[in-house]
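Enquirer: Single-letter residue listing:
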Amino acid sequence: MNFREQLGRQILFFDGGMGTLLQERGLLAGEVPETWNILHPEIIRQIHKEYLLAGSNIISANTFGVNAFKCKNLEYTVNELVTAGVRLVREAMGEVHSSQPMYAALDIGSIGKLLKPLGEVSFDEAYKVFQEIVIAGNQAEADLILIETVSDSYEIKAAVLAAKENSNLPVVVTMIFDENGKLLTGGDVASVTAMLEGLGVDAIGFNCGLGPEQMKKLLPQLTACCSLPIVMNPNAGLPVVVNGQTTFEVEPEEFAQSMRTLVEMGASVVGGCCGTTPAHIKRVVELCKNIEIAPVTDKKLTVVSSYNHAVYFTKKPLIIGERINPTGKSKFKQALRDHDMEYLYKEGLVQEEKGAHILDVNVGLPEIDEPQLMEETVTGIQAIIDLPLQIDTSNTEAMERGLRYYNGKPMLNSVNGKKESMESVFPIAKKYGAVLVCLCLDEGGIPETVEGRLQVAEKIVKTAAQYGIPKKNLVMDALVLTISTGKDNANITLEALRRIRYEMGLHTVLGVSNISFGLPERSRINTAFFTMAMNNGLSAGIVNPSSEPMMSAYYSFNALIGEDNQCSAYIANASQTIDKPSVSSTKSSVYTLDEAIIKGLAESASEETIKLLEQNMDALSIINEKLIPALDVVGKGFEEKKMFLPQLLMSAEAAKASFEAIKATLSKQGKDSESKGKIVIATVKGDIHDIGKNIVKTLLENYGFEMIDLGKDVDPEQILKTVQEQQVKLVGLSALMTTTVVNMEATIKLLREHDVNCKVMVGGAVLTQEYADMIGADFYSKDAMGSVRYANALYERGEL
Amino acid sequence: MDDSNREIGNKVNLREIYRYLGYGARIPDDSIQNLIIEVLDALLCVIKPRNIYKVFHSSISESQVVLEKSGRILVFESKNLADNLAQCNTVVLLAATLGIEADKLLQRYEILHMTKAAIVQACGAACIEAYCNILQEQILDELSKKGTKLFLRPRFSPGYGDLPLQYQRMIFQELECTKRIGITLTDSLLMYPTKSVSALIGLTANPQSCHIDKCSQCDNITCAFRSGTVEK
Chain Y
1 MNFREQLGRQ ILFFDGGMGT LLQERGLLAG EVPETWNILH PEIIRQIHKE
51 YLLAGSNIIS ANTFGVNAFK CKNLEYTVNE LVTAGVRLVR EAMGEVHSSQ
101 PMYAALDIGS IGKLLKPLGE VSFDEAYKVF QEIVIAGNQA EADLILIETV
151 SDSYEIKAAV LAAKENSNLP VVVTMIFDEN GKLLTGGDVA SVTAMLEGLG
201 VDAIGFNCGL GPEQMKKLLP QLTACCSLPI VMNPNAGLPV VVNGQTTFEV
251 EPEEFAQSMR TLVEMGASVV GGCCGTTPAH IKRVVELCKN IEIAPVTDKK
301 LTVVSSYNHA VYFTKKPLII GERINPTGKS KFKQALRDHD MEYLYKEGLV
351 QEEKGAHILD VNVGLPEIDE PQLMEETVTG IQAIIDLPLQ IDTSNTEAME
401 RGLRYYNGKP MLNSVNGKKE SMESVFPIAK KYGAVLVCLC LDEGGIPETV
451 EGRLQVAEKI VKTAAQYGIP KKNLVMDALV LTISTGKDNA NITLEALRRI
501 RYEMGLHTVL GVSNISFGLP ERSRINTAFF TMAMNNGLSA GIVNPSSEPM
551 MSAYYSFNAL IGEDNQCSAY IANASQTIDK PSVSSTKSSV YTLDEAIIKG
601 LAESASEETI KLLEQNMDAL SIINEKLIPA LDVVGKGFEE KKMFLPQLLM
651 SAEAAKASFE AIKATLSKQG KDSESKGKIV IATVKGDIHD IGKNIVKTLL
701 ENYGFEMIDL GKDVDPEQIL KTVQEQQVKL VGLSALMTTT VVNMEATIKL
751 LREHDVNCKV MVGGAVLTQE YADMIGADFY SKDAMGSVRY ANALYERGEL
Chain A
1 MDDSNREIGN KVNLREIYRY LGYGARIPDD SIQNLIIEVL DALLCVIKPR
51 NIYKVFHSSI SESQVVLEKS GRILVFESKN LADNLAQCNT VVLLAATLGI
101 EADKLLQRYE ILHMTKAAIV QACGAACIEA YCNILQEQIL DELSKKGTKL
151 FLRPRFSPGY GDLPLQYQRM IFQELECTKR IGITLTDSLL MYPTKSVSAL
201 IGLTANPQSC HIDKCSQCDN ITCAFRSGTV EK
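So the protein sequences, as listed, match chains Y and A.
For the first sequence, counting from 1, position 553 maps to 553 in our numbering; every step adds exactly one.
For the second sequence, counting from 1, position 166 maps to 166 in our numbering; every step adds exactly one.
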C-alpha cells in the first residue's frame, strides 16, 4: 500500500520538533537551520533516525524555511537545500531496518510575506516561490508534500496549487490556529477546510500554535465539516515564558495521553511540533498504535467560503446579491468602461450591509478585457468584503482567472446541459472546487415541461460525476421565465424546483426577479414569487438585497418556518425599515448648498444641487459660484487651523455628492463634466500606507481635477508610462518612511531622465521642504490643501 | 466587543486621536467627537490584538546595547537607544499588532466614507499605543513580582533617533513575529498589518528616570502631530 492508500485507513505517525533539537546540538541564533542539510548532514540524518526509531512513519525533511526570499542572503540555492534535505530523510530511512511504512515529506512553510492586495507579494509571485520548492522536492523523490505552520488561506492556496500543478504527490496541509480557531489572517476552521477540500488536498489538520489540550477544544470544529483524514501535530503545550525564555513543558506521558484522546476524537495522523522530541513521539506511538480509527466519512455539505468564513446551503435559504452586474444598468456599464473599481466595491459593500450572504460578480461587457477585469474585481472585492463570491461569466478564461485568484471556495455561475458547456466548465470547476450553478437548459433550449427540466438536471449530475464533481458541489437553477409570456411559467419553475430539491436531493438557486419582466410594479410579483419559491425548496435566491419588499419576504419566511430564533432577525430587519425617516421628509433641507458643503452634509448638498438644477441654474455656475467658494471657505479655515482634517473631508464628501448630482444631470443631457486637467497620484514603491494619498485625491477631485490613481507600492516605470501615455502634466507622490522616500527620489529621477514635461509634487510624514528640494521635487505639500493650491496655481497659469 | 478590546477602549487617549487628526491640543466639535466615538467603537469590535515579547539581560555602553538571554546575543549600535536604556539591567523586546482587521476596516472606509477613514487611521494609532501601554504594565507587574520594584523607560522602536529601521529584521527573527502574531515585514522594512509596534522597553530600579514623553524627544520639531503642538 502506498501513502494515499494508507491515509485515513490506518493510523500514521508524524515526527516531532526539529528546531529545539538543533539548538541543543549547537545551532546559533540567527543561523538558518536548513543550511545544516549541507554543513552538518550527519546531525540532521541522526535526528530523522531517532524519530524513525521512535515509530514515526512520516519524516519531514529539514526544508521548512527554504524559499527564494530566505535564500537571497544565503550561499545555497533553494534546489540545493531542498535536494539535500529530502535526501537526508531517504538516507535515514535506508539506515533504519523496520517493517513500518516510512515516507519522506517535503516540508513547506510560509514564505513569511503577506500577499497582495493587502501585502506586497503577488499571488503569482508566491506561487512561483512554492513551485521552485515543489519541483526540487519532487525531483529529490519526496513521497508527499507537507504544507505546514501556515496561517494565511491565500498563501495556502498558492502553495497547494503549486504542489498539485507541479507534482502528483499527495498533499497534506496543517495550519496554525489560535485558541479561538482563527488563522492570523482571520480565516476559521470551516472556511479553510472548505477551500482545501475543494482544491483536492489529501489530508487537513492543525500544527504548532497550540498544545494537544487546546487542539482538543478545536478538533470538533474540524470533524464537523471535514470529509478528509485529519492530522494533529501540536506543540508540547502552550509556550511558557520562564525568565523570559520560551519553553514547552508538557512531558511525553501527558502529551501522549492527550494525543490518544485526539485520535479517539477523529484524528488519524498524529505527531508533534515545537518542543516535542523523539521521546514524545515514542510514547504517542505506544499509546495510539492499536487504536482502530474511525473511517473517514463524506459530510455531504454544500458550502462556499470567503477568506474568513464559510456559508452553508441548508434548509434556511441564502441571499445571493445580484447587483454587481452590468446587465440593464448604464451607470454600471460606464463604471466598467471607466475602470471605476470603487463603484463596483461600493455596490458590494452596500449589499453586504443589507444582509447578502454571497455576492454574484459579473463584469462582462463586449468591449472590455473580461478575464483581466474579473481577476482585478475578485482580488479587489475580497480585500475589503467578507462575503463569498459567485463568479458569474460565460467566458471560460474569465472563469479560470476568477477562480484561481479567489481566496476561498468559490461559487461559479454557470454551466448548462449543453455538451460544449459541460466540457469546458466542469474541468475548471473541479480543479478549484467551485460550487457550480447548473442551468436546466441544453441544445434544445429551455424545456417547457417540468419533466424536461429534470431530465437536463439529471444529465448534468451524471456528467459532472464523470469529472469527479460530487452532487454536493452542484446547485441547480430550474430557470425562471416571465409570467407575462406564459401563464404557467411560474408553476413549471416551482414544480421543477420542488422535485430537484426534494426528489433529486440537490440544492437550488433562482434568478428570482426574471419572473416579472414586462409587468408593472415588478416588486409585487417578485416578492410573492420569492416566498413561493422558498416554500418549494429554494436554497438561494439571486436577488437585490437593497429591495425592502424582497428582504421583508425573506425574513418573514425564515421566521415562519422556524429558522429564526425568537424572530430576532425578523425584528432587527423590521425595526431598521421602520426607523428610517421617509425620503420625503428629508427633501426640505434647511441649508443652502454652500452651507451644506461647509457643514459637510452630503445628503443636503445633493438635494440642494438637484433643486438648483431644477431651477435651471446651469452646472458650471453651480460649481463656480456655489461649490468651489464653499470648498474654499473650508480650505482656508483648514489652513488657518480653524477647521480640521475631518471637517475638510466631510465637506469634500458633501461636495462630491453635489458633483455626482451634477454629473447625473449632465449625462442625461448627453454632456460630460469638464476636467481641469489630469493628475497622476501614487504611493511610491515599497510603501503600503496610502491614506494620505487618498485624502489628497478626494480633495483634488472636488476641485475638478481628473485623478489617475495608481494605488500603493507603485513601480517608478508604471508612473513614467502613465505620464507619457496620458500626457499628464502633474504627478503627486506620497511616501511615509525614510526607507521609501528613496523610491520617491528614484521615481523623480526616472521622470527627469525621460525628459517628461511634468511637475512633481510630494508629501508624506517624513518629508520636509529641504528633503523635497534634495530629491528634485517641484513642490512640497505640507498638507492636503497644499496640493490643491499648487494644482490650482498650475491650472491658472495654463500649465495643466 | 470582547473584554480585552474594551480595556483597550478604556485606555485609549482621545486627545491622542485628536492630535493625530491635526487638532493639536484643541478639542473637536460635538459632531466630530461623536463620529470619533462611533468609529472607535467599530474598530474595537473588529480588531484581534496579539503580542509577543521576550525579556533580556542588558548591558549598555555609550553607544551600544547588548541584549543577552541564555547564550543568545543581540547587539544594537545606537547612542539614542543607549541613552534611553541607561541604567537598565533588563530590557523587553516587544511586538504587538491590532491585526489585519484594522487595515480591512480602513480600506472599507476609504471607499465608503473618507472622513471615517481618516478617523479610523487615528483611532488605530491610538489603540495600538494603548494596547502596548497595557502590555508593558502587565510585563512590569510580572517582573516586579520577583522583589525589586522596577520602573519602565519609554518604548523605543527602530526608526527613532539614530536606531536604524534595519534592526527590524533582527527583532522579527528573534520574536518570530510573522509566525507567532502575523506581522510581516516588507522589503522596505514596513510592518503589515500597519497598526503594529515593535519596541525595546527598558526596566530600571531607578524611579526618577521613568516616563519621558517619547514624542517630545523626536528631532522633527516641525511635525504637525507633535504632542503639545497648538499652532505656529
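None of these hints come from the bench; they were simulated from the model.
Check the hints yourself; a few may be wrong.
Said to hold, decoys possible - Straight-line Cα separation of at most 25 Å, DSS-like style, residue types lysine-lysine; simulated pairs:
1. K69/A x K11/A
2. K354/Y x K69/A
3. K299/Y x K418/Y
4. K72/Y x K179/A
5. K729/Y x K759/Y
6. K179/A x K182/Y
7. K346/Y x K179/A
As the list claims (entries may be wrong) - Some but not every residue of chain A turned toward chain Y, in silico, with C-beta under 10 Å:
8. K11
9. R15
10. L21
11. R72
12. G99
13. T184
14. S188
15. N206
16. P207
Even glycine gets a Cβ: it sits at the ideal position worked out from N, Cα and C.
Enquirer: None of the hints should be skipped; say for each whether it holds.
Expert: Verification of the supplied hints:
For the hint linking K69/A to K11/A, the alpha-carbon distance of about 32 Å lies beyond 25 Å, and the restraint is violated. The straight-line distance between the Cα atoms of K354/Y and K69/A is roughly 54 Å, outside the 25 Å bound, and the hint therefore fails. Restraint check for K299/Y and K418/Y: the C-alpha separation of about 30 Å exceeds 25 Å, so the hint is violated. The suggested pairing of K72/Y with K179/A holds, with an alpha-carbon distance near 20 Å, which does not exceed 25 Å.
With a C-alpha separation of about 6 Å, the suggested pairing of K729/Y with K759/Y holds against the 25 Å cut-off. Between K179/A and K182/Y the alpha-carbon distance is near 14 Å, which keeps this suggested pair within the 25 Å criterion. Straight-line distance between C-alpha atoms of K346/Y and K179/A comes to about 34 Å, which puts the hinted pair past the 25 Å bound. Annotation: K11/A was flagged as interfacial toward chain Y, and the flag is violated, the nearest CB pair being 22 Å apart, outside 10 Å.
Because the beta carbon of R15/A sits about 14 Å from the nearest beta carbon in chain Y, more than 10 Å, this interface hint is broken. With 10 Å as the threshold, the beta carbon of L21/A comes within range of chain Y, its nearest partner Cβ sitting at about 5 Å, so the hint holds. Below 10 Å, beta-carbon pairs count as interface contacts, and R72/A has one with chain Y at about 4 Å; its hint therefore holds. A least Cβ separation of about 8 Å between G99/A and chain Y falls short of the 10 Å threshold, and the interface hint therefore holds.
At its closest, the beta carbon of T184/A sits 4 Å from a beta carbon of chain Y; the interface hint therefore holds under the 10 Å criterion. With a cut of 10 Å, the hint placing S188/A at the interface with chain Y holds, because the nearest CB-to-CB distance is about 3 Å. Interface hint at N206/A: violated, since its Cβ lies 20 Å from the closest Cβ of chain Y, which is beyond the 10 Å cut-off. Violation of the interface hint for P207/A is found here, the shortest Cβ-Cβ separation to chain Y being roughly 22 Å, above the 10 Å cut-off.
Hint check: violations occur at hints 1, 2, 3, 7, 8, 9, 15, 16; the rest are consistent with the structure.
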